[in-house]
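Going letter by letter, the sequence shown gives residues 1 to 225 in the numbering used here.
Please note that a few of the clues may not be correct.
Taking lysine-lysine pairs in the DSBU-like style, the calculated list, with each CA pair at most 35 Å apart, reads [to be verified]:
id : residue 1 : residue 2
1  : Lys58     : Lys45
2  : Lys159    : Lys144
3  : Lys64     : Lys168
4  : Lys19     : Lys65
5  : Lys43     : Lys19
What the hints contain is simulated information worked out from the structure, not anything from laboratory work.
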Amino acid sequence: MYKEFEKDYLTEAGALSCKEILFGDILFGDTVYEFELINPESKNKRVYTVFLDIDTFKVECSCKKYSWMGMLCSHALVALHRKNIHEIPQHYIHSRWTKDVKKHVYMLGECELTRMDEKEARAIYINRAMRLAYDLVTRSENCKEARSIILTAFTDGSKLLDEFFKEKNLVSTSAIKGKQVRDDFVDQLDETPILDPLRAKTKGTRNVRIKNHFEKRKMKTTRTG
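Construct the complete structure from the given sequences, taking the supplied hints into account.
This is the structure:
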């Protein structure tokens, strides 16, 4: 979690252009600031809106990253820094941020995914799926029965994918690679391990470890009577 937070801050925060567009609105209260942030180098030029209450140190961004991942986004961090708040508010670093973070997995609703472009939605899906798979593998690694459950689930999922691609008549590079990896894995399980042949002791050889260069040069100790 920390590494992802650090990467997001270092790669995104510095590239964002921040504009303060509202202060002291009657609807929100006179301690609320509103910011518009955009990455000029981004292709989609998407604008993110951040609300910051400097009285309660509560911040909310239109990207909704905190609500579905339990981690402040780079847009919120820029807004905090803009108002000279250089420490993350304590209520945003609690050990049990959200229900999904407690499970070590974050979930996105379909409505959030539909608002994103295809590239962004695909990246979010990969991140979510990899986190889920990693969590399942690490939780099951110390128990043989648990490992069997996870491997069976992965195998069944792979079969369902094959059936889906076949039904939809879809052929993709990723599907071909996935099938090849699975076939190779099954082949490795079916292979009989080949052991080294028995070694015969050659006549005249000594069953003693050969000394290295430094051991040969070591001076012998002598006893004095």
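Now for the hints, and whether the structure bears them out:
no.: 1; hint: Lys58 / Lys45; in the structure: 26 Å, holds
no.: 2; hint: Lys159 / Lys144; in the structure: 23 Å, holds
no.: 3; hint: Lys64 / Lys168; in the structure: 34 Å, holds
no.: 4; hint: Lys19 / Lys65; in the structure: 20 Å, holds
no.: 5; hint: Lys43 / Lys19; in the structure: 19 Å, holds
Consistency with the previously given hints is maintained throughout, with no hint failing.
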